[in-house]
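Chains B and C: place on chain A using the hints.
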Amino acid sequence: MNSISNSWFFEWRLAAIKNGMKDALAYRWDFLIDFFGQAIVPVGIQLILWNSIFKQNGNATFGGMSHSDLLAYTWTSLLFSQIRGGNYDFSLIEMIRTGSLSQSLLRPVGPVEFVFWRGLGDKLFTATFCFLLGTIASFFAGHSIMNLIMAMMLAILGNIIHYLFGAALAAVAFYWENAFAILMVKNMVVSLLSGELIPLSVVPEKYSMIWQSTPFYLYVYGPTQVALGNWSHATWLHHMMIGFVWCFAFAVALKITWKISIHRYQGIGG
Amino acid sequence: MLSIYWDIFKTTLKNNFVKEFLYRSNTFAMTFADLIWVAVEFAFFEVIYSNVGAINGWGRNETFFFLGIFISSDALFTTLFQRSFWEFPFLINKGDLDVLLTKPINAVFLATTKDINFTQIVNLMLGIWIIHHYGEAAGFAGGFAWFGVVFWVIIGLLTQFLMRFISVVCAFWLERGMTVSMLYYQLYSLANKPSGLYPISIRYLIKTALPFAFMGSIPAQSLMGKLPLSDYFLVVGVLGIYAWCCVLFWKKGLKRYQSASS
Amino acid sequence: MKTQTHSIQVQNVKRSFKSVKKEEGWRGTIKLLTNPEYIVHEALKGVSFTIESGEFVGLIGANGAGKTTLLKILSGLIPPTSGEATVLGFTPFERKLAYRKQISLVMGQKAQLWWDLPALEAFDLLRALYQIPRDVYKQRVDELTELLDVTKLLNTQIRRLSLGERMKMEVIGAILHLPKVIFLDEPTIGLDVLAAQKLRGFLKTHNQKEGATIILTSHNMDDISELCKRILLIKEGELIYDGEAKKLGKHDECQMSVKLMSEVAISELAQVLAINESQIQKDEEDPTTYLFTISRPKLTEYFQILMQKYQVADIGIHEASLERIIQQIYQN
Chain A
372 MNSISNSWFF EWRLAAIKNG MKDALAYRWD FLIDFFGQAI VPVGIQLILW
422 NSIFKQNGNA TFGGMSHSDL LAYTWTSLLF SQIRGGNYDF SLIEMIRTGS
472 LSQSLLRPVG PVEFVFWRGL GDKLFTATFC FLLGTIASFF AGHSIMNLIM
522 AMMLAILGNI IHYLFGAALA AVAFYWENAF AILMVKNMVV SLLSGELIPL
572 SVVPEKYSMI WQSTPFYLYV YGPTQVALGN WSHATWLHHM MIGFVWCFAF
622 AVALKITWKI SIHRYQGIGG
Chain B
5 MLSIYWDIFK TTLKNNFVKE FLYRSNTFAM TFADLIWVAV EFAFFEVIYS
55 NVGAINGWGR NETFFFLGIF ISSDALFTTL FQRSFWEFPF LINKGDLDVL
105 LTKPINAVFL ATTKDINFTQ IVNLMLGIWI IHHYGEAAGF AGGFAWFGVV
155 FWVIIGLLTQ FLMRFISVVC AFWLERGMTV SMLYYQLYSL ANKPSGLYPI
205 SIRYLIKTAL PFAFMGSIPA QSLMGKLPLS DYFLVVGVLG IYAWCCVLFW
255 KKGLKRYQSA SS
Chain C
-3 MKTQTHSIQV QNVKRSFKSV KKEEGWRGTI KLLTNPEYIV HEALKGVSFT
47 IESGEFVGLI GANGAGKTTL LKILSGLIPP TSGEATVLGF TPFERKLAYR
97 KQISLVMGQK AQLWWDLPAL EAFDLLRALY QIPRDVYKQR VDELTELLDV
147 TKLLNTQIRR LSLGERMKME VIGAILHLPK VIFLDEPTIG LDVLAAQKLR
197 GFLKTHNQKE GATIILTSHN MDDISELCKR ILLIKEGELI YDGEAKKLGK
247 HDECQMSVKL MSEVAISELA QVLAINESQI QKDEEDPTTY LFTISRPKLT
297 EYFQILMQKY QVADIGIHEA SLERIIQQIY QN
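Residue numbers (my numbering), protein chains in the order written: chain A, 372 to 641; chain B, 5 to 266; chain C, -3 to 328.
Misleading hints may appear alongside valid ones.
[To be verified] Below, in silico cross-link-like pairs of lysine-lysine (BS3-like), each with a Cα-Cα straight-line distance of 30 angstroms or less:
| id | chain 1 | residue 1 | chain 2 | residue 2 |
| --- | --- | --- | --- | --- |
| 1 | C | K225 | C | K41 |
| 2 | C | K106 | B | K98 |
| 3 | A | K630 | C | K17 |
| 4 | C | K106 | C | K205 |
| 5 | C | K194 | B | K98 |
| 6 | C | K18 | B | K23 |
| 7 | A | K630 | C | K41 |
[To be verified] Some chain B residues close to chain C (C-beta under 7 angstroms, calculated; not the full set):
| id | residue |
| --- | --- |
| 8 | V22 |
| 9 | F25 |
| 10 | L26 |
In short, the hints are calculated from the structure, not lab data.
All residues carry an ideal CB built from backbone N, CA and C; glycine is no exception.
So here's chain A without its partners, still in its complex pose (with noise of 0.2 angstroms):
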């Protein structure tokens, strides 16, 4: 009996990343525009933006940080930015809108976590390549595979409370039609304060509280300074910490957010 559902723990959710990896790739040319916007765009305008201040504008430092220093960490920030990315908490909305979630609910696995995994499969490919590129990166640039490997812990810690978050968040489609605002103006404020436009180090001291009062800056800013060894292991460590401890935070207001909401899905239409 043990031994089955030890099986099975591992195999539903496999099977769930097996299924999204395919869905992805379902369309070749839907998947390679989906792949160049999500991975290519956004590192491109930095890399642009960086060059303007430097190159045409004549600075010498940006917020206390050299050229190639904004170049190493947009290299190296590239590595994480894509395993923070995931964003099937809109899949949840989507379910709960149109009252697909119905099915969801009856399956012997939840549908926050079902979500998760599958979500997960679909954004596999383009993670992987943006981890390939990164390291590729990251060795010419000599980071420490220690270093990499502490900095992955921290960013995948961050993936779970980034989705925690928007799953908690998505309960308000519950109440609402359009929920999805909320998830957009989210993942607005996360790209700005997970350090995946700007290094935050250049963000003014008198306002750096606001980034360090939220679980943001564990995604990308906090995982780009390990790999680039600007953090020591106990920085790391004391991170690591707070991220646990969001972490739990979110799972508790995920599990209230749902219990008290899902007595109002009414699962529309038949």
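Frame of chain A, contents of chains B and C only:
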């Protein structure tokens, strides 16, 4: 003929208004969310300009003036068309366009004016306030020049309409039309920064093939009296070509759609 | 644990929905913002019944009668406002793991399979979700697809299938794990006669072979009369009939069709036979043919009266169809 269209539009307007009121808390939340978006835009430039002075002639005031225009034209587009465009690819991929094609009214008109988003009116007002607030410092004359603001906001609206239209008709050729919409919004980050922040090649790109500059940079330059005459002709030319492409793509796509559907 | 012979028990289940009332005009719109008025709609007004395991039960009623609400409560999607429902000994809305593994819900208007993937991929994921051993799974897929004639379509994207084929795949996906209770919400909606027939045959066999309890809602009376021994008839949130489908109509009632040589007013016929006008219908295609719904013992008497008064060209007697009976119940 025109009165029929106006009548339809009026009804849509009323229905959407009722909808916003029916989902009150949703409406308030959306308004709040829209404001956060503006705050994020400002925060980004606040960080940049707390570290550097001007970039290629775009200082803090010029950039915020630019943002005011960009936010206004974006808000106008979002109010009138954004939701309908979001749904557009689904109409094509799920075959629901059939219903619209059988109506005695232009299908594009019906598809693009289905949903109206009133929450963005707050952003529109905010955008105008920003223009007013940073205008003087940026070199905007005010007074009659406000007609120029109206003109350019409408140009921005038209530009975004045409660009979005091209991106959604791609759904005729793709299985999941949504992907191009997503790509559009990724590229949209080229629109929300003043063109001076980009190297020459990108600056050229956003004035021609992807005319994002028409939504903010070029209007701001014009209103600050810094736009070279040749660029006015460019705006007319590029929008003309875009409009022509829209008609062409729509016709070709429709042919494909009708021959493929069962 | 005591043995469970009742598969489903429902006791005095009520469910109401609240919605905002919108009044006409702009004033009404403003009122929505300042002081919205709510309307409470009672979808179920205290329904009770039990269903034994292995039964095939038809749940019928007009649109908005409360069928789907009941089905949602039983499957565990929504809780009842009051009253108690148990399915397989579980409270559905708790959605315990053991419960979810034993049930299945098929909605004719909603797909559970993934639009862009072939059915086989979806089945494989369902296999993993429901822990079906691989060999059993393979055998079952072969068997079920064979029975429904869709083996060749297993590798085709769901979106490329016809409605009938897609529905067959949905049903297969829903019963792969051999659920003990199956909720079917209009499974034959939009299907052509042949496809619907095929699906019915399949469901009947499955019910007999596996002994699953099945609750079916449908507006297609062929579904009900062919599959369900027992029906639950719901009208405006109340259970107004629970019993054998055969006995639904007054048992002694039958239909007599009479073709006369010339046209006669219905009111005159009613007067001659001393019955209600509502018991007489004119044939839509033939204005001289009349359909009488009458009690069986009176048959000869009425027949004689008609023969005396009019020139009768033809006569026929049939059992009242389920459709006709239900139509009458709705109308009264």
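**Study point:** Violated constraints from the hint list, given by number and in increasing order
**Key:** Every hint satisfied by this model.
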